[in-house]
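Participant: Each chain, letter by letter, is given below.
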Amino acid sequence: MSILEYNGAAIIAMAGKDCVAIAADTRLGVQAQTVACDFRKVFKMNDRLFVGLGGLATDVQTVDQLLKFRQNLYELREERQMSPKVFSNVLSNLLYEKRFGPYFIEPVVAGLDENNKPFLSGMDLIGAPVYTDDFVVTGTATGNMYGMCETLYKPDMEPEELFETLSQALLASVDRDALSGWGAVVHVITKDGVTSRELKGRQD
Amino acid sequence: MDTVFGVKYDGGVVIAADQGNARSILMYQRNLDKVVPLSSHSAVGVSGPNADLVNFSEYIQKNIALYELSNDGMKLSTHAQANFMRGELAAALRRGPYQVNVLLGGYDESTESSSLYFLDYLASLQKVNYGCQGYASSFCLSIMDRDWKEGLTEDEAVAIVEHCMQELHTRFLIAQPNFIIKVIDKDGVKTSKFGADPADT
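So the sequences go chain by chain: A and B. Residue numbering for the first sequence follows this note's numbering, starting at 1 and increasing by one per position. Residue numbering for the second sequence follows this note's numbering, starting at 1001 and increasing by one per position.
It is worth saying that the hints were derived from the structure and are not from the lab. This structure is a prediction, so every number in the text was calculated from the model and none was measured. No residue lacks a Cβ here, since even glycine has one placed at the ideal position from N, Cα and C. Among the clues, some could well be false.
[Claimed, not checked] Within a straight-line C-alpha distance of at most 30 Å, the following computed DSBU-like cross-link-like pairs (lysine-lysine) qualify:
hint, chain 1, residue 1, chain 2, residue 2
1, A, K98, B, K1127
2, A, K68, B, K1149
3, A, K200, B, K1149
[Claimed, not checked] Derived DEER-like restraints, expressed as beta-carbon distance ranges:
hint, chain 1, residue 1, chain 2, residue 2, range
4, A, A178, B, N1063, 36 to 42 Å
5, B, A1091, A, Y74, 22 to 28 Å
6, B, V1054, A, E161, 56 to 62 Å
7, B, L1069, A, D124, 43 to 49 Å
8, A, D133, B, E1058, 52 to 58 Å
9, A, D38, B, T1111, 16 to 22 Å
10, A, D18, B, G1096, 48 to 54 Å
Throw the hints in and build the complete structure from the sequences for me.
Facilitator: Here's what the structure looks like:
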C-alpha cells in the first residue's frame, strides 16, 4: 500500500478554446473504507487559477493552506495577482523544499494566463513539473484517466463541450477504480468567470 | 480498540465512546471518559493510546481556555476549534505524531447550529453528519448511512448511537460493555448516560 493511495483521488484538468476546466472526485477514504463523499481536492486560488491536489488528504489540506499563505504574501508585496505560471513555480518550489521528507501530493494547476490562454501543469511529489497544452491527470486512477483523455480529447473545445468531455473522461475513469469516485465536481474557467457543477455518478 | 461515535441532529450533536482502557491483555479501567469537553459548547471523542489521548485532548482543551481568557471571553467556533486541532496534529505529524483519531462535535450559539468533524491521526479533517472512529466504523458506518436523515431530534440521534452499540455487542469480537454518551446543544455539554461512572476512583 503506497502512502499516495491511502485516501484515494482522481483529478483531471483539460484545456479548451480560451478556457480551461478542472474536475475531481469527492471521495475521502481510509484505504478500502469510505469516510466522506464531499471532500474537496480542487481549490480556487483566484478567479482564473485553480489547483487540484491528489494524494494524502492531510497534505492536501496543509499544502492548500501553505499555497494560500505564499500567494497572499506575493500579492501583498507585488500588488498584483499571481499568474498561473508563477503559481506553478511557487508550488514546485514548496514541494522541492521538502525533497527528503516530501508532502505526499501530486498536484495539477489549471488557469488562464494574462492573454486568457489556457495554462496547464502537473508535477510529482517533489515538484518536477510538466507543462502540456491538452490535459493533465493525477490520482489513483491515472492509467484510466490517460486512456479516457487521449481518446475523448480534441483541441479548441468550447466551454460546454469541454465540460461534457471532461465529465465523461472522469466518470468513466473512477468507475473502474475502487479508491476514487463517490461524486465529482467540475469547474470550467473562462475569461467571464467560473461555472462549477457537481456530478452524481455511481455511488460505489 | 477504542470506539467513538458522533451523530449530528437538529440543534445539537451526540458524541459517544466506549469506556475501556486496555493494553495488550490487560484491562486497566472500565470507566474512562473519552469524551472530553473542550469548551462550554463542544466536546471531542478521542481514541488511541491513553498517553496521547489524555495529553492531546488536555493540550487542546487548555489552549482553547487560554484563548477565551486572552481574548476577553470570545468563544472559538466549532469550525475554528476543529481547524486548530488539525493544525496541531499536522505540525506534530512529521515530528512525533499524536496517534489519536477524534470526532469533534459542537454547538455554535452565533449561528444556532451544530456541527461534527471527523479528524484522523494524520490530520485529515472533514465536516460530516455522522461518523465513527475505530473498528466500529466497519460495523456501524453503514447503519448510520441507513438511519441518519436531515432534521433528527436528540432522542432519534441517541437511538442511532444505541443501534450501533447493539450491533457491536452482537458482532464485534472485543467486548465493550460500557459506553458514555454526551449531548451537546444550546445548553452546553451534558452526559446523557454512561455504563460506568467515570467519577468512581
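Participant: A separate judgement is required for each hint: does it hold in the structure or not?
Facilitator: Outcome of the hint check:
Among the hinted pairs, K98 of chain A with K1127 of chain B is consistent with the structure: their alpha-carbon atoms are about 29 Å apart, no more than 30 Å. The hinted pair formed by K68 of chain A and K1149 of chain B fails the criterion: a straight-line CA distance of about 35 Å is larger than 30 Å. The hinted pair formed by K200 of chain A and K1149 of chain B meets the criterion: a straight-line CA distance of about 19 Å does not exceed 30 Å. For A178 of chain A and N1063 of chain B, the hinted distance range of 36 to 42 Å is satisfied, since their beta carbons lie about 39 Å from each other.
At about 23 Å, the CB distance of A1091 of chain B to Y74 of chain A agrees with the hint of 22 to 28 Å. In this structure the supplied range 56 to 62 Å holds for V1054 of chain B paired with E161 of chain A, their Cβ-Cβ distance being about 58 Å. For the hinted restraint 43 to 49 Å between L1069 of chain B and D124 of chain A, the CB-CB distance of approximately 46 Å keeps it satisfied. D133 of chain A and E1058 of chain B have their C-beta atoms about 54 Å apart, which keeps the hinted 52 to 58 Å range intact.
Checked against the hint of 16 to 22 Å, the pair D38 of chain A and T1111 of chain B passes, with Cβ atoms roughly 19 Å apart. Evaluation of the 48 to 54 Å hint for D18 of chain A and G1096 of chain B yields a pass: the beta carbon distance comes to about 50 Å.
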